[in-house]
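The residues making up each chain are set out below.
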Amino acid sequence: MMVPNSVVFEPKPRRKKRLSKNVRDAIVAYSFIAPNLIGFAVFTLVPLIFALVLSFLKWDGANPMEFVGLANFSRLLTDKTFHRALCNTILYTAGVVPFTMVCALGLAIMLNQKVLGRNLSRTISFFPYVASLVAVAAVWNFLFSPTKGPINLMLNALTGIPIEELPRWAADKNWAMFTVILFSVWKNMGYYMVIYLAGLQGVNQELYEAASLDGANSWQKFWNVTLPQLAPTTFFVSMILIINSFKVYDVFITMFAGGDNQLSDTTRVLVYQIYNTAFRALDFGYASAMAMVLFLLVLGITIIQFRSEKKFVA
Amino acid sequence: MRRILALALAAVLLLGLLTGCAAAPAAAPAAPAPTEAAKAAEPTPVTLKWALWDKDLTVYYQPLIDAYVAKNPHVTIEMVDLGSADYMTMLSTQLSGGADLDVLCIKDIPGYANLVKQGHLEPLKGFASANSIDTSVYGGTVEQITIDGEYYALPFRSDFWLIYYNKDLFDAAGVAYPTNDMTLDQYDALARQLTKGSGAKKVYGAHYHTWRSAVQLFGILDGKNTIVNGTYDFLKPYYERVLKEQKDGIVQDYATLKTSSTHYSGVFFNNQTAMLNMGSWFIATQINKIKSGESLAKNWGLVKYPHPDGVPAGTTLGTITSAAVNKKSVNKEAALDFMNFICGADGAAVIAKTGTIPAVVNDEVIAAITAVDGFPADDNSKAALYTAQKYLEMPIHEKSAEIEVVLNECHDAIMTNNVTVDKGIQDMNTRVQEILNRK
Amino acid sequence: MNKEKKGLRSSRMMIYLMMILLAAMTVVPFIWMLSSSLKLSKDVFTFPMQWVPEEPRFQNYSDIWTRIPLGKFIFNTAKLSVIVTLLQFFTSSFAAYAFAKLRFKGRNFLFMAYIATIAVPWQAYMVPQFIMMRQFGLNNSHMSIICLQAFSAFGVFLMRQFYQSIPDELCEAARIDGLSEFGIWLRIMLPNSKPAISTLVIFTFVNTWNDFLGPMIYLTKTELKTIQIGLRMFITQYSSEYGLIMAASVVALIPVLVIFLSLQKYFIQGVASSGIKG
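Protein chains in written order, with our numbering: chain D, 1 to 314; chain R, 1001 to 1439; chain S, 2001 to 2278.
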C-alpha cells in the first residue's frame, strides 16, 4: 500500500518533466484540500495560534497584554490543582478509551451478523449518543442515586449488601471517576459502533473464505482477518477517543457540577481547569499554557500512533 | 482536461465560501441603529440592548421596560438573553469581543469584580452625584460593592434569606409555628420535633439546598468573620451541626440531593420538608406555583432567618442583583437613564408589584409585596420582610471569583463526607491563602 | 455437521442474550425520560420512582411550544445542521481524498497539523475566535456557526481513514482508463465510501444539533437561537423545569433518529455490496 504506485505504472520520464509533474500533482492535491483548508485556517488555525502565543503573555481578556516569557509554564510545575486535573484527565482517558473500543467493536461485530432485530438494536444502541446531554445525565444520576436510586436498590436485592455499604457512585470520591467513565462509555459506544460497522463493510470477504478453507475457527478469523483489516478504523477510533477524552468537559459539568458549574478535586479535569482559569480567574495566558500542555501531550500520542499505524496498517 | 474541471470546481467552492463570508459583514454593521451624531435636543429614537438572563421566565423585565418606555417613548429596549447558568462568563466574553450591549444586569459579585478588573463597566460615582442619587436608600449595599472608592453598578433587586415553613406540617405535628426571633439552636430543636415518618412519606424537619450559602453563611452572621479573609475555622460548629442533622435524618442527604439534581422547590412543594431556608426570590415562585396547582404546600408562612446567639434577630444574608452600563456603549446617556430608572424608586415599585423584592426597600414597597395575592396573611410573615442587617453572600474582593471556586469545592467535599470537617476547613485555609498570597 | 449447528445455535443464543441486555441498558433510561416528560417538574425526582405517572401530564408537550419559541429553535437548528453537514461532507471528502490517495509535498506535515489542532480544546481559543468573528461582523448570524463547524479537521481525518482502506489499485486502474482525479473521487471513492459518508453525516449532524456553547456565545438574539439553548432555558436561576426539559428532549431526539434510520442501510452496504472486491 505504501509502494508509490505511480512509479510502477509510468515509464521513467526525463528529469525536467518529472519535476513539472510533481508540481502539477501538488496543484491538483492542494486544490482538493483548499476548500477545507482555507475555512479551517481562517476560523480555527488563526485563533488557535493566537491562543498559543497567549501562553507567553499575561492577559485578562480586555486590558493590554504583557509579555511574561515562560512564567506561565514555570507556574504550571508547582500548581497542585493543575497536576490533579492532569492526573484525573489521564485516569479518565485510560478508562474510557479501551473500554469504549472493546464495547463498540463487540457491538459492531454482534450487530453485523444476520440476526433478528439487528436494525432495531442498532438504533437503540445509538439512542444515548443522540440524546441531549442535559437530559441523559439527569436520568443517569437519578438511576445511580446513592440511597434511593434504582441501581443501588437492585444491587441490594441481588447481593444482600446493605445500601449504606454499596458504592455511592457520583457522590463518592472513590467511585465518581468510575461512574463518569461508565456513563461516557454508555453514551458514546453507539457512535463508535457505527464507525466500526462501516469499517467492517470494508473487510474483504474472500479472506474469510480463505481462512475457512485453512480450517480457522471464529476466534482465529477474528484475530487474523477482522482485526488487521480493521486497523485503519481502530487507529481512527482510538485517536478520536483519546483526543476527546483529553478534551472532556461537558460530561463532567453536567454530571457533577449542579447549578454552580464547579467540580471537586476528584473530578476536576483539564479543560475545566482551563475554562476556570480563563473565565473565572481572568488569566488567559495561564489558561493557554495549560492548553499548550494538553496540545503537546496529544501531539506526542498522535505521533506515536502514526508511527505504529505505518507499521501495522500497511 | 478533467483536472482542470476539478480545479475549477474547487475554485468555485472556494469563491463561494469567500463571498459567503464576505457578504455577511456588509450586512451586519447596518443593524446597530443610532449613533452619537443622532443625539439632538429633540429625542431621536434610541435602541438600548439590555443583557440579562432567563428572559421569558422572569416576571419583572417586561413591566420595567413597559413602565420606562411609557415615559420615554423614543426609547426601544431590546433584551439580550445570555442564559442563566454561566451568565457572567458569557457577559464577559461578549464585552471582550466588543458586543454592542448598553445596559448590563450583574448577577453575582465575583463576576462583577471581574468586569471591573477588565474595565468593561462605566464608573457611576460622578453620574450619581450629578443626578443627586442617594445611595443610602440601598441600605449599605453600594458600599459593599465599592472598589477603590468607586462603584460601577447600582442594585435593583435585593434578596435576603429567610425561613419558609409549611403550616400544615406544623399543625399535624402539633408544634407551634416558628417566630421571628428564632435562634439557630431553636431552629435545630424545631427541625428535630418535626421530622416524621419514613420512606416516600417521610417529612424532614428542615432542608438545606446544595448551595454553599445554605450552610456556610450561618458563620458570618455575627459579623466577626468574612468569607474572603482566608481562615475558615469559624465554620466548624456550623458544619458539624448540619452534618449531624444529616446523619440523624433530620434533613435530606446532600449527596443524594446533588446527584439527583433535586431542586429545593420540589421538596417544599411536595410537603416533604417543614422548614426551608432560602432566599426571598422563592416568594414569587411559591405564590405562582400554588396558583398553578404545582405547589401542594398551600398553607405556608415566613419568618426571619435563624440567628446565632448574641446576634440580633433579622440579621441575614443578602444577595443583590444590580445593573451597570457598558463603558463602550454608544448610547451611554440613555443607558444610564434607564439604569437609573430600574434601580430607583419608580423601578422598585414596578418590581415589588411582581412579588419580587427590589433594592430600594421602604414601607410602600413592603406593602406592595405583602399585598400581592397569595402572600401569607399572618403578621409574622409580613414582619419577616424587615431585616436588621444584611451581609452579602459574597463580599467584594479582587479574587472573590477564585476564592468562591475553592469554597464551593471544599463545601462539596465536606457535605458528601469525602473529607472530615477539619480536613475540609484546613483545605479551605491553605488553598485560599495560596490565592491571596499570589500576586 | 450437527455439532457445528449446535455451536452456531448456542452462539446465536448468546447474541440474543447480549442484545436484550443492551436494550435494557439503553432503553430503560429513555423510558424514564419519556415517563418524566409526562410529570410535573416537582415529581420528576421523587423516590420511589414512578414508571407510569399517576396523572400523565400531556400538557408538558403543548407547554414547551408556548413557553419558549421551540418551533423556531428547531427550524434554526435543522437549518444549521443541514448546511453544516453538507459543507462538511464536501470539503472534508475532497481534502481526505488528497490526503489518502495523492502524493504531494507537505502531505504528512499538513495532515499532522490537522490532527494536532483537534487536540486543542475549544475553550482555549474561544475568546480570540470570538473577537475575530466579531471583526468579520459574523456574530449574531448563523454564518458564524456554519464557519465554525463546517471545516473541522475531524471530518478530514475520518474520511481519510476510510479512503485508505479502498485499494490503490482501483484508483490506478481508473487513472490508466483516463479518469481525472476528480473523476476518481466522484466515480470510485464516493460510491465506495457510503458507510464512511453516512458516519460522517450522522456525526456532523448530531454534533451540530446538540452543540450548546457555540450557539450560546454567537447567537444572542432569540430568533436565531437553537434547540439546546432552548432546552436550557428551562433551567433558570431559581428553578429547573425538568418535566419540560424531558418533553423537549424527547421532541429533539426525533429528527436525529430519523436521520439515523434513513442512513442505517448504508452502514452495511459499502465496498462489499457494490461488487468491487480487493
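In short, the hints are calculated from the structure, not lab data. Cβ coordinates follow ideal geometry from the N, Cα and C atoms, glycine included. Wrong hints could be hidden among the right ones.
[Claimed, not checked] Here are the simulated DSSO-like cross-link-like pairs (lysine-lysine), alpha carbons at most 27 Å apart as the crow flies: (1) Lys114/D / Lys2265/S; (2) Lys1055/R / Lys2072/S; (3) Lys1117/R / Lys1196/R; (4) Lys1196/R / Lys80/D; (5) Lys1244/R / Lys1071/R; (6) Lys80/D / Lys1247/R; (7) Lys1071/R / Lys2221/S; (8) Lys1247/R / Lys148/D; (9) Lys2265/S / Lys1055/R; (10) Lys148/D / Lys1071/R; (11) Lys1055/R / Lys58/D; (12) Lys1332/R / Lys2105/S.
[Claimed, not checked] Selected chain S positions facing chain D (in silico; Cβ < 10 Å): (13) Phe2058; (14) Ser2062; (15) Leu2179.
When the structure is checked against the list of hints, which entries are broken? Sort them ascending. 3, 4, 5, 6, 9, 10, 11, 12, 13, 14 and 15
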